[in-house]
Amino acid sequence: MLLPDHEFSKPANLQDSLAKLANTSGEIKLLAGGTDVIFNMRGRLFNPDVLLSISELPELQGIEQLADGTVSLGAGCRLTELERHPLVRQYPGLAAGFRAVASRHVRNMATLGGNLNLDTRCWYANQTAEWREAKGRCLKTGLKVCHAIKSSDICVALNASDVAPALLALDASVVLASLKGERTVKLADYYTDDGVEHTVRRPDEIMVRVLFPKNSDRMAYIKETARKGNDFAYATIAASADGQGQQCSRVRIVLGSLTTRPVLLLKTATVIGERGLDDAAIEAAVTEVRDELGALTNLYTPAAYKGRIARVLVRKALLQLREL
Amino acid sequence: MAGKRQVMMLTINGDDYEMLVSPRQTLLDVIRDQVGLTGTKEGCTTGSCGVCTINNDRGEAVLSCLTPALEWQGKAITTIEGLEVNGELDALQNAFLDYGAVQCGFCTPGVLMSARAVINGSGRPSEEDINDGMAGVLCRCTGHIKVKEAIRNVASYNNKT
Numbered sequence: 002m003l004l005p006d007h008e009f010s011k012p013a014n015l016q017d018s019l020a021k022l023a024n025t026s027g028e029i030k031l032l033a034g035g036t037d038v039i040f041n042m043r044g045r046l047f048n049p050d051v052l053l054s055i056s057e058l059p060e061l062q063g064i065e066q067l068a069d070g071t072v073s074l075g076a077g078c079r080l081t082e083l084e085r086h087p088l089v090r091q092y093p094g095l096a097a098g099f100r101a102v103a104s105r106h107v108r109n110m111a112t113l114g115g116n117l118n119l120d121t122r123c124w125y126a127n128q129t130a131e132w133r134e135a136k137g138r139c140l141k142t143g144l145k146v147c148h149a150i151k152s153s154d155i156c157v158a159l160n161a162s163d164v165a166p167a168l169l170a171l172d173a174s175v176v177l178a179s180l181k182g183e184r185t186v187k188l189a190d191y192y193t194d195d196g197v198e199h200t201v202r203r204p205d206e207i208m209v210r211v212l213f214p215k216n217s218d219r220m221a222y223i224k225e226t227a228r229k230g231n232d233f234a235y236a237t238i239a240a241s242a243d244g245q246g247q248q249c250s251r252v253r254i255v256l257g258s259l260t261t262r263p264v265l266l267l268k269t270a271t272v273i274g275e276r277g278l279d280d281a282a283i284e285a286a287v288t289e290v291r292d293e294l295g296a297l298t299n300l301y302t303p304a305a306y307k308g309r310i311a312r313v314l315v316r317k318a319l320l321q322l323r324e325l
Numbered sequence: 310m311a312g313k314r315q316v317m318m319l320t321i322n323g324d325d326y327e328m329l330v331s332p333r334q335t336l337l338d339v340i341r342d343q344v345g346l347t348g349t350k351e352g353c354t355t356g357s358c359g360v361c362t363i364n365n366d367r368g369e370a371v372l373s374c375l376t377p378a379l380e381w382q383g384k385a386i387t388t389i390e391g392l393e394v395n396g397e398l399d400a401l402q403n404a405f406l407d408y409g410a411v412q413c414g415f416c417t418p419g420v421l422m423s424a425r426a427v428i429n430g431s432g433r434p435s436e437e438d439i440n441d442g443m444a445g446v447l448c449r450c451t452g453h454i455k456v457k458e459a460i461r462n463v464a465s466y467n468n469k470t
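The listed protein sequences derive, respectively, from chains A and B. Numbering-wise (this note's numbering), the first sequence opens with residue 2 and increments by one. Numbering-wise (this note's numbering), the second sequence opens with residue 310 and increments by one.
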């Protein structure tokens with residue numbers, strides 16, 4: 002089946018891309034690896050007037066350590082390149098996050114920016130257009146109806162990024178460029194509770210880089226999924242801590258693939274930060290998890306399962322962390 | 310219609326093609342329908358099955374169904390038809406025959422191009438390398454055991470030379 006009709010544009014540099022983005026009236030979708038955008042165009046969920054290819058912009062490349070130690074990852078870097086880079090391998094939890102995405106085939110194409118901006122997923126919306134026609138449109142396609150969760154007046158599609166939890170555990174920020182210049186947004190503030198407008202990226206902006214401070218924290222990363230290859234996660238966890246053994250004070254725990262955004266578990270992390278990684282503290286922390294997650298839906302897996310897998314993963318990750 | 314066709318240069322298996330391509334066509338559409346190399350198959354078209362796998366100019370496995378053809382302007386790719394050189398089958402193709410790593414054959418082009426990428430990436434792939442490189446391509450009849458035996462055979466041959 003052919004893709005929906007659109008204009009294909011591939012400017013040579015960032016400036017021209019930003020100008021195209023700012024000066025085009027119709028809807029534009031950014032194309033990097035294509036593994037998510039083309040999938041959604043095939044399903045007629047995306048019907049852009051213009052497909053703007055940013056896959057080879059030199060300004061989006063590069064993996065480097067800045068003078069102050071900050072690690073800078075180009076948003077256009079492919080996941081295969083990232084997971085194998087010596088600088089990334091100094092952060093094994095992050096490398097695991099890159100490696101967790103889909104399959105080698107997809108990682109050879111997909112980019113860092115693409116994964117962080119992955120469209121949210123739902124068993125209703127991510128079907129073929131013909132399949133969806135039986136029930137009609139939904140919040141994602143312009144109608145105020147959610148077919149996945151009947152009572153919902155907001156899109157609850159899941160954020161399925163495997164990379165975001167790992168980067169959140171590293172306290173990463175993203176740099177967004179527009180014709181007006183660059184702005185830096187904490188990744189923790191980047192996602193929203195709305196599955197449709199699920200990031201704060203404005204339509205005239207392109208994500209150019211991801212930054213995180215140099216650190217020697219430990220990180221545990223687990224993707225819970227049906228099969229190792231190619232599957233989206235039931236849930237993903239990234240947990241980082243300073244210190245060693247049971248001793249730690251700075252702790253970050255992030256759960257992914259459970260809601261429209263990755264969730265930073267602040268209270269849970271505080272318990273560990275105050276009490277350390279002994280068995281009793283871990284159990285005390287686990288009891289905080291469900292409340293911190295807020296409302297969960299029966300999307301893909303039952304809400305009860307989501308709450309349970311979240312607690313199991315937090316315990317598992319903290320126990321792993323202790324051994325790192 | 311919004312999408313203007315564009316003149317595109319593409320090198321497939323060492324042969325240069327100049328074509329008028331629509332933005333609506335994926336790389337897979339061009340390879341199969343425009344160039345007529347139908348060895349590359351269309352499967353799920355959603356990135357799950359891997360039967361549309363080709364190799365890019367770095368010899369890596371990529372999915373031709375999930376990328377617009379125009380993205381490949383001026384690039385070189387290898388498809389299943391490019392594995393055979395001057396009538397000689399590729400070492401992997403011979404190994405697949407020897408080990409019976411083919412049953413219905415529909416996924417075989419994708420499996421072979423994925424396997425080729427594993428060997429390209431590391432002439433001496435470890436068990437982990439093989440699993441990693443082959444997880445993205447599905448065979449629902451032969452299974453993956455014989456396929457892995459064939460790849461290991463080529464890898465061990467490489468290890469000796």
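Do not take every clue at face value.
To be verified - Where chain B lies over chain A, by a calculated footprint (3+ residues, C-beta under 8 Å): (1) 2-13; (2) 102-116; (3) 119-126; (4) 297-308.
Stated by the list, open to error - Anything over 10 Å on all C-beta distances counts as not near chain A; from chain B, calculated: (5) ARG341; (6) GLY352; (7) LEU398; (8) PHE415; (9) ARG433; (10) ARG449; (11) THR451; (12) SER465; (13) TYR466.
Stated by the list, open to error - Result set (BS3-like, lysine-lysine): computed pairs, CA atoms no more than 25 Å apart in a straight line: (14) A/LYS11 x B/LYS313; (15) A/LYS181 x A/LYS21; (16) A/LYS30 x A/LYS268; (17) A/LYS30 x B/LYS384; (18) A/LYS229 x B/LYS457; (19) A/LYS30 x A/LYS181; (20) A/LYS229 x A/LYS317; (21) A/LYS229 x B/LYS384; (22) A/LYS145 x A/LYS30; (23) A/LYS11 x A/LYS21; (24) B/LYS455 x A/LYS21; (25) A/LYS215 x A/LYS11; (26) B/LYS384 x B/LYS313; (27) A/LYS215 x A/LYS187; (28) A/LYS187 x A/LYS136; (29) A/LYS11 x B/LYS384; (30) B/LYS313 x A/LYS30.
Read the hints as simulated data drawn from the structure, not as lab findings. The C-beta atom is built at its ideal place from N, Cα and C for all residues, glycine as well.
Verification of the hints:
1. 2-13: It holds: at least three residues are needed, and the stretch 2-13 of chain A offers 9 whose Cβ sits within less than 8 Å of chain B.
2. 102-116: As far as the stretch 102-116 of chain A goes, the hint holds, because 7 residues have Cβ atoms under 8 Å from chain B.
3. 119-126: Coverage by chain B is violated here, the residue count being 0 at a Cβ distance below 8 Å.
4. 297-308: This one is violated; 0 residues, fewer than the three required, reach chain B with a Cβ under 8 Å.
5. ARG341: holds (13 Å)
6. GLY352: B/GLY352 is indeed farther than 10 Å from all Cβ atoms of chain A, at 12 Å.
7. LEU398: Label holds. Min Cβ-Cβ 23 Å, cutoff 10 Å.
8. PHE415: holds (17 Å)
9. ARG433: Label holds. Min Cβ-Cβ 17 Å, cutoff 10 Å.
10. ARG449: Holds: least Cβ distance 14 Å, greater than 10 Å.
11. THR451: holds (17 Å)
12. SER465: Given that every Cβ of chain A is farther than 10 Å from that of B/SER465, nearest at about 21 Å, it holds.
13. TYR466: holds (22 Å)
14. A/LYS11 x B/LYS313: Roughly 13 Å between the alpha carbons, so the hint for A/LYS11 and B/LYS313 holds.
15. A/LYS181 x A/LYS21: holds (14 Å)
16. A/LYS30 x A/LYS268: Answer violated: A/LYS30 to A/LYS268 is near 37 Å, above 25 Å.
17. A/LYS30 x B/LYS384: holds (23 Å)
18. A/LYS229 x B/LYS457: Holds - the C-alpha atoms of B/LYS457 and A/LYS229 are around 17 Å apart, at most 25 Å.
19. A/LYS30 x A/LYS181: Measuring from Cα to Cα gives roughly 20 Å; hence the hint holds.
20. A/LYS229 x A/LYS317: Holds - the C-alpha atoms of A/LYS317 and A/LYS229 are around 18 Å apart, at most 25 Å.
21. A/LYS229 x B/LYS384: Not OK: A/LYS229 and B/LYS384 at ~32 Å, beyond 25 Å, violated.
22. A/LYS145 x A/LYS30: Between A/LYS145 and A/LYS30 the Cα gap is close to 23 Å, so the pair holds against 25 Å.
23. A/LYS11 x A/LYS21: holds (10 Å)
24. B/LYS455 x A/LYS21: Given pair B/LYS455, A/LYS21 is violated - Cα atoms ~50 Å apart, limit 25 Å.
25. A/LYS215 x A/LYS11: Measuring from Cα to Cα gives roughly 34 Å; hence the hint is violated.
26. B/LYS384 x B/LYS313: holds (20 Å)
27. A/LYS215 x A/LYS187: holds (16 Å)
28. A/LYS187 x A/LYS136: Violated - the C-alpha atoms of A/LYS136 and A/LYS187 are around 38 Å apart, more than 25 Å.
29. A/LYS11 x B/LYS384: holds (14 Å)
30. B/LYS313 x A/LYS30: holds (17 Å)
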